Amino acid sequence: MSGTLATDGPGPDAGSTAALSALILEVPGVATLYPAASPVGQVVAAIGSALTLGDADPGTVLVSDDRIRVRIGVDGVEAAGEVCRRVYVVVRDWAASTGRADAVIDVTAATIGG
Amino acid sequence: MTDPLLPPDELIDGHTLDELSDYLAAGRQPADPTIDDSPQCRAALTALERLGRATQDLLDEEAAASPADDDWVGRILTGIRLDVQSGRRIPIAHPDPAADLALTEGAVRALVRGVGDDIDGVLVGRCRLDGDVETPGAPVAVHVEISVRYGVPMTETAAAVRNAVAAELARHAELTIASVDVLVTDVREPRTGKDAR
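Quick note, the sequences are listed as chains X and Y, same order. Quick note: the first sequence uses this note's numbering, first residue 669, plus one each step. Quick note: the second sequence uses this note's numbering, first residue 882, plus one each step.
So here's chain Y without its partners, still in its complex pose:
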């Protein structure tokens, strides 16, 4: 499958996004352990499923969507590709020097994406952690780009995303969050699968 909306190929733990999309379309059969056992690939599959639900109507009914629509799909796919990279190690404190505990940056970005996508009318595009996440106590700024469904109040929605992301990061990642910035980059027409619910 070659999708003209996709950015140029990059490998996700040895697989292209096209391969993962095909694997998903085939119902994950036959099982491929190089995909099923890879956290990066699993995160990509989860994100692709989420995106597929949100864009099902758009893809089915308007294959020739307007360039403006293509832009936000492309941005989201680019964000997925960036998010599934493991990235830096975010340390977890432990008094034993023999304990080397961490979260991957990719896991944290995927967490942020999931939190944002769970909010009504929101799809998360890019997510970025700015700062030295590998040094405990260093200030980290979180930047999240979202698209919102037309008619959703932007200010309240952005605030909801900001609050939810901050709460989940406080619970899971031992980071010093200096700020959570949410930028609305697109407004979608209210006709996609997620929006129709």
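In isolation and in its complexed conformation, chain X is listed as follows:
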């Protein structure tokens, strides 16, 4: 899957992927946000950040022109499915505000509680 990784530095604007990550973490029931890229993708992103003198941020949310991928851990208190739907709403609104209204939004809960 081609795409760009979230590699924003500190102080993101509202349209940045770092801002999107912060919004997702505020969703009730979300316990954590995992990097959505493959391990290889995370390494590539970290190297890219290092080469551009940015922070070595492996990225959390994966954004391409036609797909936004988010991988979360849910707290186990709220129903996992409902938490994913809440996250979807947040991501959809962010996508619409950044010109990606047609993107497929992939939200995967990788852990429940624990």
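No lab work stands behind these hints: they were computed from the structure. Here the structure is a predicted model, which means the values were calculated and not measured. Glycine included, C-beta positions come from ideal geometry on N, C-alpha and C. A couple of the hints might just be wrong.
Unchecked claim - Examples of chain X residues lying across from chain Y (beta carbon under 8 Å, computed): (1) Gly697; (2) Ala699; (3) Pro703; (4) Ser732; (5) Gly741; (6) Ala747; (7) Cys752; (8) Arg753; (9) Val758; (10) Ile780.
Unchecked claim - Take a look, some chain X residues computed to stay more than 10 Å from chain Y by CB distance: (11) Ala686; (12) Ala687; (13) Ser689; (14) Ala690; (15) Leu691; (16) Glu694; (17) Val695; (18) Asp733; (19) Val742; (20) Asp761.
Following the hints, position chain Y against chain X.
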């Protein structure tokens, strides 16, 4: 660390179970983001911690435990290894076709393990979801293997595990659960850390 009780190495998101065990023993220091940021590794660490508590006395006092004891430890470790694999995607319904929402099969199996382990006297070994979990509405049979502490009533305990697992799956996973089968595969002596509580 090489533990003769462990099954052959398989990678958990790039790490062996030995590496994760060592990381846990070191207090997760120095922090390794390839472990901390991996849900598979975190699930494995959680399971290892749980297992460590339950077997602390056994490991400390009886390093040369009987083969029968080794069997259940090995089975549990094998179960952990299987559970931490992400597995299939279990879809979550949404009316928007642009919404691709799911739970990982590994997350659901880890949930089942946690629910079972929370019941007094129970340690969950393997957990398996049989059926087409990727197709909404398809019937899914859940199989759970447990060990129980000696003296715990098996029938009541198995029923408690079955009921708790069914309730948590109904709450978190949009699966059509056809059955929850609980199989008691081992009876433990009442001397491990969890059993001593």
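A quick look at each hint next to the structure:
1. Annotation: interface hint on Gly697/X violated; nearest CB of chain Y at approximately 11 Å, more than 8 Å.
2. The interface hint given for Ala699/X is violated, since its Cβ lies 10 Å from the closest Cβ of chain Y, which is over the 8 Å cut-off.
3. Nearest Cβ of chain Y to the Cβ of Pro703/X: about 5 Å, under the 8 Å cut. The hint holds.
4. Because the smallest distance between the Cβ of Ser732/X and any Cβ of chain Y comes to about 13 Å, over 8 Å, the interface hint for this residue is violated.
5. Below 8 Å, beta-carbon pairs count as interface contacts, and Gly741/X has one with chain Y at about 6 Å; its hint therefore holds.
6. Contact between Ala747/X and chain Y, as hinted, is supported at the beta carbon level, the nearest pair being about 5 Å apart and thus within 8 Å.
7. With a least beta-carbon distance of about 4 Å to chain Y, the hint placing Cys752/X at the interface is held under the 8 Å criterion.
8. Against a cut-off of 8 Å between C-beta atoms, the interface hint on Arg753/X holds, since the closest Cβ of chain Y lies about 6 Å away.
9. Here the hint on Val758/X is broken, as its CB sits about 12 Å from the closest CB of chain Y, past 8 Å.
10. With its C-beta approaching chain Y no nearer than about 5 Å, Ile780/X sits inside the 8 Å limit, and its interface hint holds.
11. Chain Y leaves Ala686/X outside its interface by the beta-carbon criterion, the shortest separation being 15 Å against a cut-off of 10 Å.
12. At roughly 20 Å from the closest C-beta of chain Y, the C-beta of Ala687/X stays outside 10 Å, upholding its exclusion from the interface.
13. The claim that Ser689/X is not at the interface with chain Y holds, since no C-beta of that chain comes within 10 Å of its own (minimum 13 Å).
14. The Cβ of Ala690/X sits about 17 Å from the closest Cβ of chain Y, beyond the 10 Å cut-off, so the non-interface label holds.
15. Listed as a non-interface residue, Leu691/X keeps its Cβ farther than 10 Å from every Cβ of chain Y; the least gap is roughly 17 Å.
16. At the 10 Å boundary, the C-beta of Glu694/X stays outside the reach of chain Y, the nearest C-beta of that chain being 19 Å off.
17. Non-interface status of Val695/X relative to chain Y is upheld: no Cβ of that chain comes within 10 Å, the nearest being about 13 Å off.
18. Listed as a non-interface residue, Asp733/X keeps its Cβ farther than 10 Å from every Cβ of chain Y; the least gap is roughly 14 Å.
19. Distance to chain Y contradicts Val742/X as a non-interface residue, since its nearest Cβ pair spans about 8 Å, not more than 10 Å.
20. For Asp761/X, the condition that its CB be more than 10 Å from all CB atoms of chain Y holds, with the nearest at approximately 13 Å.
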